[in-house]
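From first to last, the protein sequence lines stand for chains A and B. Numbering that gives the first Met the number 0 puts the first residue of the first sequence at 0, with every later residue one more than the last. Numbering that gives the first Met the number 0 puts the first residue of the second sequence at 0, with every later residue one more than the last.
Do not rely on the hints blindly, as some may be mistaken.
[To be verified] Listed next, the in silico DSBU-like pairs over lysine-lysine satisfying Cα-Cα at most 30 Å (straight line):
1) A:K57 / B:K109
2) B:K90 / A:K43
3) A:K116 / B:K128
[What the hints assert, rightly or not] Cβ pair distances, simulated, as ranges:
4) A:G166 / B:F315: 54 to 64 Å
5) B:Q83 / A:N111: 27 to 37 Å
6) A:G136 / B:T8: 12 to 22 Å
7) B:V267 / A:V160: 43 to 53 Å
8) A:M164 / B:W46: 28 to 38 Å
9) A:D114 / B:A84: 39 to 49 Å
It should be emphasised that the hints constitute simulated quantities derived from the structure, not laboratory data. Where a beta carbon is used, it is the ideal one built from N, C-alpha and C, also for glycine.
Chain by chain, the residues:
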Amino acid sequence: MEPIWIVLIVIVVLVAFVIFIYNGLIQRRNVVDEAWNQISVQLKRRHDLIPNLVNAVKGYMDFEQETLTKVIEARGAAVSASQAGAAGAAQSAQAENFLTGALRQLFALVENYPDLKANQNVLSLQEELTTTENQIGFARQHYNSTVRDFNTSIQTFPSVVIAGMFGFRARDYFQIEEADAAVPTVNLRDEPPQAAPPAAPPQAQA
Amino acid sequence: MTASPAPTTFFREIARNRRNSWILIFVVALVLGALGGAIGGATGYGWGGVVLALVVAFFMSIGSYFAGDRLVLLSSGAKEVPMQAPPEQYKQLLNVVTEMSIASGLPMPKVYVINDSAPNAFATGRDPKHASVAVTSGLLEKMDREELQGVLAHELSHVGNYDIRFALLVGVLVGSIALLADWFLRFTFWGGGRRGNGDNDRGGGGAAAILFLIALVLAVVAPLIGRLVQLAVSRSRESLADVSAVELTRNPTGLARALRTIADDPEVLEVANRATQHLYIVNPIKSFENRAKSMWDTHPPIAERIAVLRGLAGQFGQDPGQIG
Numbered sequence: 000m001e002p003i004w005i006v007l008i009v010i011v012v013l014v015a016f017v018i019f020i021y022n023g024l025i026q027r028r029n030v031v032d033e034a035w036n037q038i039s040v041q042l043k044r045r046h047d048l049i050p051n052l053v054n055a056v057k058g059y060m061d062f063e064q065e066t067l068t069k070v071i072e073a074r075g076a077a078v079s080a081s082q083a084g085a086a087g088a089a090q091s092a093q094a095e096n097f098l099t100g101a102l103r104q105l106f107a108l109v110e111n112y113p114d115l116k117a118n119q120n121v122l123s124l125q126e127e128l129t130t131t132e133n134q135i136g137f138a139r140q141h142y143n144s145t146v147r148d149f150n151t152s153i154q155t156f157p158s159v160v161i162a163g164m165f166g167f168r169a170r171d172y173f174q175i176e177e178a179d180a181a182v183p184t185v186n187l188r189d190e191p192p193q194a195a196p197p198a199a200p201p202q203a204q205a
Numbered sequence: 000m001t002a003s004p005a006p007t008t009f010f011r012e013i014a015r016n017r018r019n020s021w022i023l024i025f026v027v028a029l030v031l032g033a034l035g036g037a038i039g040g041a042t043g044y045g046w047g048g049v050v051l052a053l054v055v056a057f058f059m060s061i062g063s064y065f066a067g068d069r070l071v072l073l074s075s076g077a078k079e080v081p082m083q084a085p086p087e088q089y090k091q092l093l094n095v096v097t098e099m100s101i102a103s104g105l106p107m108p109k110v111y112v113i114n115d116s117a118p119n120a121f122a123t124g125r126d127p128k129h130a131s132v133a134v135t136s137g138l139l140e141k142m143d144r145e146e147l148q149g150v151l152a153h154e155l156s157h158v159g160n161y162d163i164r165f166a167l168l169v170g171v172l173v174g175s176i177a178l179l180a181d182w183f184l185r186f187t188f189w190g191g192g193r194r195g196n197g198d199n200d201r202g203g204g205g206a207a208a209i210l211f212l213i214a215l216v217l218a219v220v221a222p223l224i225g226r227l228v229q230l231a232v233s234r235s236r237e238s239l240a241d242v243s244a245v246e247l248t249r250n251p252t253g254l255a256r257a258l259r260t261i262a263d264d265p266e267v268l269e270v271a272n273r274a275t276q277h278l279y280i281v282n283p284i285k286s287f288e289n290r291a292k293s294m295w296d297t298h299p300p301i302a303e304r305i306a307v308l309r310g311l312a313g314q315f316g317q318d319p320g321q322i323g
């Protein structure tokens with residue numbers, strides 16, 4: 000075979016190889032973005048569930064109005080923090096954490112009301128909130144899996160070469176900062192967290 | 000209680016199981032190749048026999064591939080749980096399946112309930128977009144939320160690891176071996192077209208006779224080997240599903256407790272039989288399950304499965320002593 004054909008074949012194979020790897024990297028990166036959005040979806044689900052919960056328990060827990068109000072306020076703070084978008088991610092995480100603590104306190108209080116504990120509405124809402132907490136956790140876990148997958152791709156040979164050529168950068172894992180990791184035992188007489196200067200959130204990279 | 004195995008991570012366990020199942024597939028392919036080669040050489044049909052066997056086995060399996068899940072669900076009397084407005088008693092089941100769907104990144108499968116007091120579960124479907132999971136009403140009653148999550152993580156892992164497809168691949172290979180061996184034995188003992196009484200009229204005497212003998216031996220032995228390897232593959236994929244479940248839940252205890260509960264339950268699952276036993280999380284045929292360490296089992300022994308989960312406990316800060 001003439002050398003020119005050999006060269007052409009080699010070039011075609013190389014180009015095909017590059018395309019294959021590039022597409023793989025794009026796919027993995029998109030999976031990461033989708034997983035990140037999933038987390039927000041789950042958080043929003045929780046925001047939406049809370050008013051129902053509070054309404055269900057309101058009639059029974061006359062003495063706990065303050066508690067219920069604090070839960071509503073914590074939810075409000077979390078909703079507005081989430082509307083700040085990517086820039087307020089750390090602050091949002093903090094607000095969500097506070098809300099988790101408030102809800103746990105509320106359910107601890109529910110233990111003291113036998114009527115409430117047996118109430119079908121409350122039980123099914125409790126299940127809804129349990130599953131929502133779990134879904135938030137799993138969404139974050141899945142996000143981290145996709146990040147691990149993507150980061151491994153752009154760091155291992157041979158895709159590291161292609162990644163470098165086209166400017167793929169590693170993504171950050173979702174991490175709850177140390178201070179927030181220990182869910183605060185919320186005294187429901189505290190104020191929910193107000194606007195605070197955001198720490199560096201996981202930036203969306205190219 | 001058996002001693003804990005050396006602590007390990009689920010990444011390593013998953014890799015080991017995948018490697019083992021592919022090695023086993025390679026062994027089956029080798030057996031098929033040896034049988035095909037011997038028969039082809041002895042009969043003079045060459046590789047035609049192997050190709051034909053593969054094609055026939057493939058078409059025999061194709062129905063199972065596309066409609067197998069519906070068949071299995073029908074024959075077990077499974078009733079689908081509607082996603083919209085589910086009955087109150089199945090809401091938690093749907094929630095747990097949703098949680099595992101999110102954790103795995105797989106689409107939500109169809110969920111079915113089988114009305115039987117024996118606790119068990121299975122997954123079916125050719126790929127994640129066409130998957131179904133089924134649980135018995137007994138399972139829902141006897142498991143708490145953590146155990147249910149472990150079981151469903153195991154089932155969804157079967158879907159995510161494409162185990163149904165994998166089993167079909169093995170089935171086609173093993174089926175080809177059985178077909179080929181069967182044809183050859185009939186051909187030999189009931190008289191074949193051009194060969195008469197098995198006289199060697201091609202010439203070449205001794206070598207051809209030896210080849211024929213080899214083919215004969217293989218024809219008897221190969222289907223047996225194929226079946227044993229198929230069962231080994233099944234056990235390997237069950238182990239893989241256990242460890243993949245831990246990757247999803249990050250909680251070995253849940254699944255371990257669930258396995259213990261299912262194993263200790265004396266009830267027999269009425270709708271299961273030999274044809275469907277391999278699909279369930281624990282072999283529903285009690286006499287099979289109770290035999291220790293048999294190479295004829297579709298599932299590893301429960302004690303061994305729990306021991307593997309115990310080995311993973313350290314990775315999650317759980318106490319291995321509490322498991323099993």
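Status of each hint after checking the structure:
1. The straight-line distance between the Cα atoms of K57 (chain A) and K109 (chain B) is roughly 37 Å, outside the 30 Å bound, and the hint therefore fails.
2. For the hint linking K90 (chain B) to K43 (chain A), the alpha-carbon distance of about 20 Å falls within 30 Å, and the restraint holds.
3. The suggested pairing of K116 (chain A) with K128 (chain B) is violated, with an alpha-carbon distance near 39 Å, which exceeds 30 Å.
4. A C-beta distance of roughly 37 Å is found between G166 (chain A) and F315 (chain B), which places it outside the suggested range of 54 to 64 Å.
5. A hinted range of 27 to 37 Å for the beta carbons of Q83 (chain B) and N111 (chain A) is consistent with their spacing of about 36 Å.
6. At about 20 Å, the beta-carbon gap between G136 (chain A) and T8 (chain B) stays in the expected band of 12 to 22 Å.
7. Range check, V267 (chain B) to V160 (chain A): Cβ separation about 59 Å, and the 43 to 53 Å hint is violated.
8. In this structure the hint that M164 (chain A) and W46 (chain B) lie 28 to 38 Å apart at CB is violated, the actual value being about 45 Å.
9. Distance hint check for D114 (chain A) and A84 (chain B): the Cβ-Cβ separation is about 27 Å, which falls outside the suggested range of 39 to 49 Å.
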